[in-house]
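Visitor: Each chain is listed here by its residues.
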Amino acid sequence: MARSLYNTDLYREKLESVSADVLRNVRINKGFLVWMGILTISLAACLYAYTIQLQKGLGVTGLRDATSWGMYIATFVFFVATSLIGMLISSVLGLSGTKWIKPITRIAEIIAVAFAAVAGLVIISDMGRPDRFPYLFLYGRIQSPILWDVTVVTTYLFVSLMLWFIPLIPDLAISKSRLEGRPGFLIKIYEILSVKWVNHDRQFQIMHQAMRILLILIVPLAFAIHTVTSWLFAVTPRAGWDSTIFGPYFISGAFVSGTAAVIIAMYFFRENYKLQKYLTDFHFEKIGRVLALVSIIYIYFNINEFIVPGYKLKTHEAIHLKELFTGHYAWLFWGVQLAGLVIPVALLLIKRMRKPLPLLLISIVVFAASWFKRYLIVVPVQGHPYLPIQNVPVEWMVYKPTIIETSVTMASMILVLMIITILSKLFPVVPIWEIAEEEATVNEEIEHK
Amino acid sequence: MRSIILILTFLHLVFQSIQGQEWKVPDDKKGRLSTFAFDDNTRMAGQKLYTLNCMSCHGTPGKSNYLNLVPAPGDPATEKIQRNNDGEIFYKISVGRGQMPSFRSVLTSDEVWNIISYLRSFNKLYRQQVKSVISSTAYPGSTINMFIEHISSDTSIVVTAYAEKESSRVPVTEAGIKLYVHRTFGHQVVDEEKVTDKSGRAVFRIPEKMHGDSDGNILVSARFSDEDVFGTSSKDTVLAAGIKTIPVSLVAERAMWNNVRKAPIWILLTYCLGVIVALSFIVLVMVKIRDIYIVGKYLENKASEN
Numbered sequence: 001m002a003r004s005l006y007n008t009d010l011y012r013e014k015l016e017s018v019s020a021d022v023l024r025n026v027r028i029n030k031g032f033l034v035w036m037g038i039l040t041i042s043l044a045a046c047l048y049a050y051t052i053q054l055q056k057g058l059g060v061t062g063l064r065d066a067t068s069w070g071m072y073i074a075t076f077v078f079f080v081a082t083s084l085i086g087m088l089i090s091s092v093l094g095l096s097g098t099k100w101i102k103p104i105t106r107i108a109e110i111i112a113v114a115f116a117a118v119a120g121l122v123i124i125s126d127m128g129r130p131d132r133f134p135y136l137f138l139y140g141r142i143q144s145p146i147l148w149d150v151t152v153v154t155t156y157l158f159v160s161l162m163l164w165f166i167p168l169i170p171d172l173a174i175s176k177s178r179l180e181g182r183p184g185f186l187i188k189i190y191e192i193l194s195v196k197w198v199n200h201d202r203q204f205q206i207m208h209q210a211m212r213i214l215l216i217l218i219v220p221l222a223f224a225i226h227t228v229t230s231w232l233f234a235v236t237p238r239a240g241w242d243s244t245i246f247g248p249y250f251i252s253g254a255f256v257s258g259t260a261a262v263i264i265a266m267y268f269f270r271e272n273y274k275l276q277k278y279l280t281d282f283h284f285e286k287i288g289r290v291l292a293l294v295s296i297i298y299i300y301f302n303i304n305e306f307i308v309p310g311y312k313l314k315t316h317e318a319i320h321l322k323e324l325f326t327g328h329y330a331w332l333f334w335g336v337q338l339a340g341l342v343i344p345v346a347l348l349l350i351k352r353m354r355k356p357l358p359l360l361l362i363s364i365v366v367f368a369a370s371w372f373k374r375y376l377i378v379v380p381v382q383g384h385p386y387l388p389i390q391n392v393p394v395e396w397m398v399y400k401p402t403i404i405e406t407s408v409t410m411a412s413m414i415l416v417l418m419i420i421t422i423l424s425k426l427f428p429v430v431p432i433w434e435i436a437e438e439e440a441t442v443n444e445e446i447e448h449k
Numbered sequence: 001m002r003s004i005i006l007i008l009t010f011l012h013l014v015f016q017s018i019q020g021q022e023w024k025v026p027d028d029k030k031g032r033l034s035t036f037a038f039d040d041n042t043r044m045a046g047q048k049l050y051t052l053n054c055m056s057c058h059g060t061p062g063k064s065n066y067l068n069l070v071p072a073p074g075d076p077a078t079e080k081i082q083r084n085n086d087g088e089i090f091y092k093i094s095v096g097r098g099q100m101p102s103f104r105s106v107l108t109s110d111e112v113w114n115i116i117s118y119l120r121s122f123n124k125l126y127r128q129q130v131k132s133v134i135s136s137t138a139y140p141g142s143t144i145n146m147f148i149e150h151i152s153s154d155t156s157i158v159v160t161a162y163a164e165k166e167s168s169r170v171p172v173t174e175a176g177i178k179l180y181v182h183r184t185f186g187h188q189v190v191d192e193e194k195v196t197d198k199s200g201r202a203v204f205r206i207p208e209k210m211h212g213d214s215d216g217n218i219l220v221s222a223r224f225s226d227e228d229v230f231g232t233s234s235k236d237t238v239l240a241a242g243i244k245t246i247p248v249s250l251v252a253e254r255a256m257w258n259n260v261r262k263a264p265i266w267i268l269l270t271y272c273l274g275v276i277v278a279l280s281f282i283v284l285v286m287v288k289i290r291d292i293y294i295v296g297k298y299l300e301n302k303a304s305e306n
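Just so you know, the protein sequences line up as chains A and B, in that order.
Residue 259 in the working numbering sits at position 259 of the first sequence, with consecutive numbering throughout.
Residue 139 in the working numbering sits at position 139 of the second sequence, with consecutive numbering throughout.
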C-alpha cells in the first residue's frame with residue numbers, strides 16, 4: 001500500500017521539504033574544514049606518539065609481563081561494544097515495527113560503522129610488531145578466539161556499512177539533483193553510489209528484500225562479535241575472567257554505551273544541523289527509555305557477575321573482588337557502578353530527565369563510565385597472576401598507562417570522530433525518503449478520516 | 001591495617017632469620033665422600049641431572065641467573081656454595097631446607113655425586129678426595145654384590161644380596177633394600193623398603209600398570225638403605241617387567257592446542273559454516289544491489305528511447 005505512495009504528489013511535496021532541511025547540512029563549509037583541520041592536527045600529534053611506539057616497541061607503554069592488556073584492549077572492547085547499537089536500533093527495534101526509530105537509524109549505523117572500523121585498528125596499535133599482522137591470516141589457528149574475533153569484526157563492519165548504504169540509495173538519488181554549489185566530486189560520488197535509482201516500485205521492492213536479509217543477518221552477527229570479544233577473556237582460566245555469563249554480560253553492557261553514544265550524536269546533530277523538526281523531544285523521550293531499559297538489564301548482569309563469585313570467595317576470585325570492592329580500584333569501580341549505571345537509571349525514570357539536554361548530560365556520564373567499565377574488566381584481573389612474581393619493580397606488577405599510550409588511544413577516538421564527521425557531513429544524516437514516506441502516510445491517514 | 005603491619009613485620013623477621021641462619025650439617029655427615037673419582041663422564045651425567053632438577057631455581061652455574069626468591073637460591077659456582085665440602089653439599093641436596101626440596105627420594109646417591117662432580121668443575125681450586133675403601137662394616141673385607149631378577153609368573157622383582165670374600169659367598173641378611181625405576185624425571189620407588197631374608201633375598205611387588213619402554217623394558221636400581229653398614233653397592237639392571245608403552249605425542253592427534261591442520265573437526269566445520277553462511281547472505285545482498293542498478297538502467301534506456 002505504501003509503495004503506491006511514492007508516485008503521489010503528497011509524497012513528492014514532503015520529499016521536497018524534508019530534503020531541503022536535511023541537505024542544507026550536506027556541504028563542505030568553513031565549519032567542516034576547521035573541524036576536520038583540528039581533528040587532523042590532533043591526529044597527527046597522536047600518531048607521532050605511535051611512531052615512537054613503533055620505533056621503540058611496546059616498552060614505551062605501561063604494558064609489562066603481568067599486565068599485557070591495558071588501555072588499548074579496553075578501548076577495543078569499548079569500541080566493539082558501542083558499535084553494537086546499529087543492530088539494536090535498526091534490527092531489534094526496526095524488525096519489531098517500532099516507528100520512532102526511523103530518523104535515528106542512520107545515526108545508529110554511522111556509529112556502528114565508525115566504531116567497528118576503528119576497533120580493528122586499535123588491535124593493531126596493541127601489537128608490538130604490526131608488520132606481522134598478515135601472519136594472523138597466514139598462520140592463524142581456527143581454534144583461537146582471536147581469529148574468530150578478526151573474522152566477525154570484519155564481517156560486522158561490512159554488513160553495518162551495507163545497512164548504512166542501502167537505505168541511503170534513494171536519498172542519494174533524491175539528493176544528486178539538489179546539490180547545486182557543492183564540489184563536483186561529491187555529486188559524482190552521489191551519481192555512482194545511487195546505482196541508477198529512479199524511485200521505481202520494483203527498486204523499492206528489491207531494496208526492502210535486501211534490507212530484510214541484512215537486518216536478520218546482523219542479529220546473530222552482532223551477538224557473535226561481542227560474544228567472541230568476551231570469549232577472548234572468558235576462555236582463559238583467570239579469576240575475574242573465568243565466567244560463563246561473559247557473553248550476555250558484554251552484550252548488555254554494549255547496548256548501554258551504544259545507546260548513550262546515539263543520544264550524544266542525536267543531540268549534536270539536532271542542535272548543529274538544526275534538525276529539531278525531525279529529532280524531536282519525543283524521540284529523546286523514547287531513546288531515554290531505551291537507555292533506562294538496557295541499563296537495568298546491565299545492572300542485573302553486574303549483580304549476577306559479582307554476587308556469584310563474591311558469595312563463594314574462591315581464593316583468587318577473593319583477591320580480585322577485594323581489589324575492586326575495597327582495594328586499589330574501589331573508587332573507580334563504585335564510581336562506574338553508581339555514577340555510570342545506578343544513578344542514571346534512577347534519573348531516567350523521571351520524565352523530565354528524558355528531555356534532550358538532561359538526557360545528553362546523563363548520556364555523557366554513562367558513555368565515559370562505559371569506557372572505565374571496560375578498563376575495569378580488562379586491567380585489574382591481570383594484577384594477580386596465579387604464579388606470582390617476587391622482587392620485581394612495582395611498575396612491572398601495577399599497570400599505569402603512559403602518555404604515549406594515552407595519545408595513541410586518543411588517536412583512535414579522533415579517527416572515530418573523523419569517520420562520523422565525514423559520513424554525516426557528506427551524506428544525509430537522517431533518511432529523507434523514509435521520513436517523507438512516514439509524513440505522507442500520516443497525512444493520508446488524517447485525510448481519510 | 002595494624003594487623004597487616006604486624007604480619008609483615010613478623011614475616012620479615014622470619015625471612016631475615018632464615019637468611020641469617022647458617023645451614024648446619026651434622027658432623028657425622030660432613031665427612032662423607034664419593035666412592036668414585038670425578039671425571040668427564042660423571043661431570044656430563046651431573047650436568048644433565050642439574051639441568052633437570054636444579055637449574056629452574058639455581059640457574060646456570062657461573063651466570064648468577066638464579067630465581068629471584070627469598071632467601072635467594074644462589075649460584076652454585078660462587079664461593080659461598082663452593083666452600084662447603086663434598087659431604088656438606090651431599091647432605092644439603094639430599095635433605096633440603098625451606099623452599100629447597102629434599103632430593104633423597106628423587107636422586108640416588110651416585111646421581112647426587114654426579115651433580116657435585118658437575119658443580120666442582122666450576123671450582124679450579126677443588127681437589128677431590130675419594131673414599132679409599134669400599135666395604136661394609138657388617139661384612140668386613142667382603143665385596144657386596146646384588147643380583148636382580150624378574151619373576152614374571154607372580155609379577156615381582158627379587159633382589160639377592162651376597163657378600164663375596166675370596167672364593168666364599170654368603171648371603172647378606174637383614175639388610176634393608178630399596179628398589180627404584182629410572183624415569184625421565186627422577187626415580188619411581190617400587191613397593192616399599194624390604195629386608196633381605198636368610199637367603200639374602202628381598203621380594204618387591206611390581207605395581208599394576210608399570211610402564212616400560214616400547215619393548216616393555218624398565219631400568220631398575222637396587223641399593224641398601226643403610227649405606228654406612230652395607231656399603232654403597234648398587235645394581236642397575238634392565239628387566240622386561242613393564243607394559244610396552246609407545247608414547248603418543250601430544251600434537252599427534254587433532255586437538256585444541258594443535259596447529260590449524262590438526263584442529264578439531266567440529267571447530268573447523270563450525271567456523272567454515274559460519275563464514276560461508278554469512279558470506280552467502282552478503283553476496284545475495286550484493287546481487288540485490290546489482291538488481292536495483294539493472295532495473296534503473298533498463299528504465300533509463302526505455303525513457304531515452306521514448
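Simulated from the structure, these hints should not be mistaken for lab results.
Honestly, I wouldn't trust all of these hints.
Listing some non-contacts, in silico: residues in chain B with all C-beta distances to chain A over 10 Å [unchecked claim]:
hint: 1; residue: F36
hint: 2; residue: N68
hint: 3; residue: A77
hint: 4; residue: S156
hint: 5; residue: H187
hint: 6; residue: V238
hint: 7; residue: K288
Think about it this way: if two alpha-carbon atoms lie no more than 27 Å apart in a straight line, the pair counts; the simulated DSS-like pairs of lysine-lysine are [unchecked claim]:
hint: 8; chain 1: B; residue 1: K262; chain 2: A; residue 2: K176
hint: 9; chain 1: A; residue 1: K196; chain 2: B; residue 2: K288
hint: 10; chain 1: A; residue 1: K30; chain 2: A; residue 2: K196
hint: 11; chain 1: B; residue 1: K209; chain 2: A; residue 2: K102
hint: 12; chain 1: B; residue 1: K131; chain 2: B; residue 2: K165
Here the structure is a predicted model, which is why all the values come from computation and not from measurement.
C-beta atoms are modelled at their ideal positions from N, C-alpha and C, and glycine is treated no differently.
Visitor: Each hint: holds or not?
Guide: Cross-check of the supplied hints:
Every CB of chain A lies more than 10 Å from the CB of B/F36, the least distance being 39 Å, so the non-interface label holds. Chain A draws B/N68 into its interface by the beta-carbon criterion, the shortest separation being 4 Å against a cut-off of 10 Å. Listed as outside the interface, B/A77 is consistent with that label: its C-beta sits roughly 21 Å from the nearest C-beta of chain A, beyond the 10 Å cut-off. Against the 10 Å criterion, B/S156 stays outside the reach of chain A, whose nearest CB is about 42 Å from its own CB.
With a least CB separation of 27 Å from chain A, B/H187 remains clear of the 10 Å interface cut-off, as annotated. Under the 10 Å C-beta cut-off, the non-interface status given to B/V238 relative to chain A holds; the minimum distance is some 39 Å. Residue placement check: B/K288 does not keep its beta carbon more than 10 Å from all beta carbons of chain A (closest about 4 Å). With a C-alpha separation of about 54 Å, the suggested pair B/K262 and A/K176 falls outside the 27 Å cut-off, and the hint is violated.
With a C-alpha separation of about 13 Å, the suggested pairing of A/K196 with B/K288 holds against the 27 Å cut-off. With a CA separation close to 32 Å, the supplied pair A/K30 and A/K196 exceeds the 27 Å bound. Between B/K209 and A/K102, the direct Cα distance comes to roughly 72 Å. Violation of the 27 Å bound is thereby established for this hinted pair. Proximity of B/K131 to B/K165 is assessed by CA-CA distance (about 20 Å); at most 27 Å being required, the pair is judged to hold.
Checked against the numbered hints given earlier, the structure breaks hints 2, 7, 8, 10 and 11 and satisfies all the rest.
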